[in-house]
Amino acid sequence: MAMHGMRGLSVFISDIRNCQNKEQERQRIDKELGNVRNRFKNEKGLSPYEKKKYVWKMLYIYMLGYDVDFGHMEAVSLISAPKYPEKQVGYIVTSCLLNENHDFLRLAINTVRNDIIGRNETFQCLALTMVGNIGGREFAESLAPDVQKLLLSSSCRPLVRKKAALCLLRLYRKNPDVVNVDGWADRMAQLLDERDLGVLTSSMSLLVALVSNNHEAYWSCLPKCVKTLERLARNQDIPQEYTYYGIPSPWLQVKTMRALQYFPTIEDPYTRRTLFEVLQRILMGTDVVKNVNKNNASHAVLFEALALVMHLDAEKEMMSQCVALLGKFIAVREPNIRYLGLENMTRMLMVTDAQEIIKRHQAQIITSLKDPDISIRRRALDLLYGMCDVTNAKDIVEELLQYLSSADFTMREELSLKAAILAEKFAPDLSWYVDVILQLIDKAGDFISDDIWFRVVQFVTNNDDLQVSAYILGEYSHLLARRPGCSPKEIFGILHEKLPTVSTTTIPILLSAYAKILMHTQPPDQELQSQIWAIFNKYESCIDAEIQQRAVEYFALCQKGAALMDILAEMPKFPERKSSLIKRAEYSEADTAEQSAIKLRAQQQPSNALVVTDQPPANGATSPVPVGQLSLAMVPSMITTEDHTSTDPASSQQNGSLTKVDPQHPSADLLGDLLGPLAIEGPPGATVQSEHNAVSRLEGGPDAVDGSAIVPVEEQRNTVQPIGNIAERFHALCLKDSGVLYEDPYIQIGIKAEWRAHHGRLVLFLGNKNTAPLVSVQALMLPPAHLKMELSLVPDTIPPRAQVQCPLEVVNLRPSRDVAVLDFSYKFGTNMVNVKLRLPAVLNKFLQPIPVPAEEFFPQWRSLSGPPLKLQEVVRGVRPMPLPEMANLLNSFRLMICPGLDPNPNNLVASTTFYSESTHAMLCLIRIETDPADRTQLRMTLASGDPTLTFELKEFIKEQLISIPTAPPQSPAPAPAPPPAAQATPQIPPNDPAALLAGLLS
Amino acid sequence: MGIRFILMVNKQGQTRLAQYYEWLTLEERRALEGEIVRKCLARNEQQCSFVEHRNYKIVYRRYASLFFLVGVDNDENELAILEFIHLLVETMDRHFGNVCELDIMFHLEKAHFMLEEMVMSGCIVETSKANILTPVQLLEKTS
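As given, the protein sequences belong to chains Y and E, one line each in that order.
Mapping the first sequence onto our numbering, position 898 (from 1) lands on 902, and the numbers just tick up by one.
Mapping the second sequence onto our numbering, position 62 (from 1) lands on 43, and the numbers just tick up by one.
Honestly, I wouldn't trust all of these hints.
Ranges between beta-carbon positions, derived for each pair [to be verified]: (1) Y:Val767 / E:Arg24: 20 to 30 angstroms; (2) Y:Pro886 / E:Trp4: 32 to 42 angstroms; (3) E:Trp4 / Y:Asp241: 37 to 47 angstroms; (4) E:Trp4 / Y:Glu877: 36 to 46 angstroms.
Now the stretches of chain Y that chain E is said to cover, found in silico as 3 or more residues with beta-carbon under 8 angstroms [said to hold, decoys possible]: (5) 166 to 180; (6) 369 to 379.
These are computed hints drawn from the structure, not numbers from a lab.
Backbone N, C-alpha and C define an ideal beta-carbon position, used for all residues, glycine too.
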């Protein structure tokens, strides 16, 4: 046997199997890689058999996750071996290791072609299979006609033709412009007459690809597909080898029905009748049997038949059979069938008239929403989302809300997102909508993405009457939503009685509201004014900087009187546009498994305007938009007028539609830009705001609505103080590979790193210091563009006193000084803590000190002549230090000092190797000339083979020499009302999000 | 395109065979395999055989200590894939006689040969066990 000879391989596999841990495995593999490398180097002594053995070892090692790039050539070269066993290994391993763009493949293209057009059919098969798996453009260009010929050749045996069919499929799918399929309809039709089921199976896949591109051209294949299906369904002339548990090739049946779903309809009555007879047979004749495999196989066929029936929009009777079947499936215990029942019922929603019948199963579907299996819960959620309309929205959304409290963390965000979309789409009235959203925030605040916030604000802003109230309600009190009472005083009263009980993050919002109420009470109410001024006065000395600043500013603004009214005017309307939530749901990828239903929903409702349905609310109220139903709803009615003195507040109250603020109004606009966000909701530091925007852009997240400035950023404020200086910890970790990155009373985050060339393997140790669990733990990597980072899953909860390890893989793509940031948050009790931590995956980690002898240094130094590869700069403001200390500093950054190279004792020469994916290993040479008379300046010259690297490394060293950066003060000084723009930290480059972030840390 | 990858993983989470039909870098493969193992191996017998992950659907089946995991497109027929896994196992059974994890470890190349005969370019080529095993037997004769 092939393997018996390969004793060395068996021994190696045994060794691997016996490794106790990953480290041992790595050692054993390193040893083997060294061995294989050596053997390949002295290739002359290598027999084909040995070569084969080593190539297999490589595949094995690659499967275990280790790089074997060095051996690619050897694998490819085996393709040209004359004997079958070696050739086979060459083909198979090459198609496992290489991708279609690999240069080495080009070297093999002639051999491959000779094998394909040659006489040896086993070689033909090998070559066709490899091209079918990894063939790229060049293969398509040079081989497509040969492959097409083989597929149609009558002298070729089926074993070659079936492979030719799928080889052609690959070439066509990858390069439809290169592979000429004109006139292939007749040939495909001819292929479908094939008796051999292997060839037929492959050809059917090819047909699916061709038809999906252009069904018009392949009408002639349609009756053939029906005939094939009939042949299979009736078990006519099917060899025993192709029946599976008594079912004629279920895979070919499925594929054939899939091909039929690409034809929009079937016109020929005979074909249609035949097909429906077959489908009817499948629908009615599939019974549940004891044997699992037989059962699965027959149901695979049944589900495909269901899909085809739905596609064909069959007669009503047949449709109701389908729905009845699905209704049965979603109630069975067998989880696979239940899952598929739910999934197919969601597809069924596309069929006209089916929705009403599906609604009858609502209760059953809701049961599945509570199933212990998350796969099933997701399907149930998707289906509920898809079937929701005005008639059942209340029930469904309330079910979702109820489920939200017990749902597992992985589903909460999706769940709340969907509930929010449905609430918005089908709200019978505004107050219900606001209630739902507030419940959402109440039940799953941490899982509410910012988009929902944005959307609520956008929604209420567009529906005039709710504006200010919702800003306030957003934070706290749904209790207020339904109380009567409209006068400014009453509103103020309602709000103010809550003030003693609210958190410090809420007070600023209330202050904003007071300012607005006051400013827009026309004519002014003296009593209210003095009441509110007193409150502002009181908070002017508040210990919380945010509250203090607002109090001071609002007080100052109030005293300027009506001239500054516009600052507090109504936010301009948001443009009607697609809900960012729906966009988000559409594009959200990964685990959420949104697919059909959301897209379907989007297609069904092309108008994305916000619509409050005309449907009368269940409680019998008649007004679609119940103006005045909300106690605070009237506030904005009173605040928005262009001409403040002449507007009759009563009239605007009644009709609820108000004069818009003219955006062209020059003074209002100017001040609005400057102070708008601050006056309404923003925190004093506009930097925080820009950071948020930067983050969402960085993540490529859904574009925030224009008015993102009004989102309550206070949400994220931390009340927990870190232990130790975060910046100092970071700087320490830049020089060493393990230590503490962050600590506060609840958590300690340690880090351990290993760096190897341009790869880094970090482990974050998240330690809960308490006897209660930390929940809602979230860690988000914000890598700069030059780093590829992959953080393994971070658990939502860290048990008491437990430590969790989260590996983080880093790949350095290019030289850059940007810093990666970890956005980390957790909840302890009622404290929501969010910190952004710089990670010590900094430039010097990708350096490897290397001594360079004089005879190599100088030629290199000279060959890199002048900018941009060699840069020189006189650096001033250097932290004075003795030369040995500077040498130590450089050494600690992995720049190796090479003593004796420079005859001047006041100069330092250093060398290092920098690793990144784009530069590979690149030598860097550094020379520093100091002035013993003035230690605060020096001249630095840097050279490498990459201009970016030279520049970045120069800047990096400069930063280290000038001063160790220290953390900015903890909180900005509460200066009385400086314009927010002035607080932006000036040293930060404006369009560099990562640097922006890094600058804001600690 | 149908099948994106086929993995065989033991219950400790060690990969015993990996065949991809779309190109992923080594790092991407490692990450993907880790995620899938974490997700699928924790499931119990009462749960269904389908797991949604990233843009894939994973159809999986457990045989003793070995998990067979197949990543497919979202619109693939799940039960057909589930039975395709069983067909693969039966084919290996016919060759090795009651196949086990060690057979696959020590005869990785044969497992690959069989897979090559069954799947190409992410599509099913052959479902007849006799036809699948012919080239494997041919190889045994020639070497």
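Structure-based check of each hint:
Taking the beta carbon of each, Val767 (chain Y) and Arg24 (chain E) are about 27 angstroms apart, inside 20 to 30 angstroms as hinted. Taking 32 to 42 angstroms as the suggested C-beta distance range, the pair Pro886 (chain Y) and Trp4 (chain E) does not conform, at roughly 55 angstroms. One distance hint, 37 to 47 angstroms for the beta-carbon pair Trp4 (chain E) and Asp241 (chain Y), holds here, with the actual separation near 40 angstroms. At about 44 angstroms, the beta-carbon gap between Trp4 (chain E) and Glu877 (chain Y) stays in the expected band of 36 to 46 angstroms.
Beta-carbon proximity to chain E at under 8 angstroms applies to 7 residues in the region 166 to 180 of chain Y; the threshold of 3 is reached and the given coverage holds. By the rule of at least three residues with a Cβ nearer than 8 angstroms to a Cβ of chain E, the coverage given for the region 369 to 379 of chain Y holds, with 3 such residues.
Checked against the numbered hints given earlier, the structure breaks only hint 2 and satisfies all the rest.
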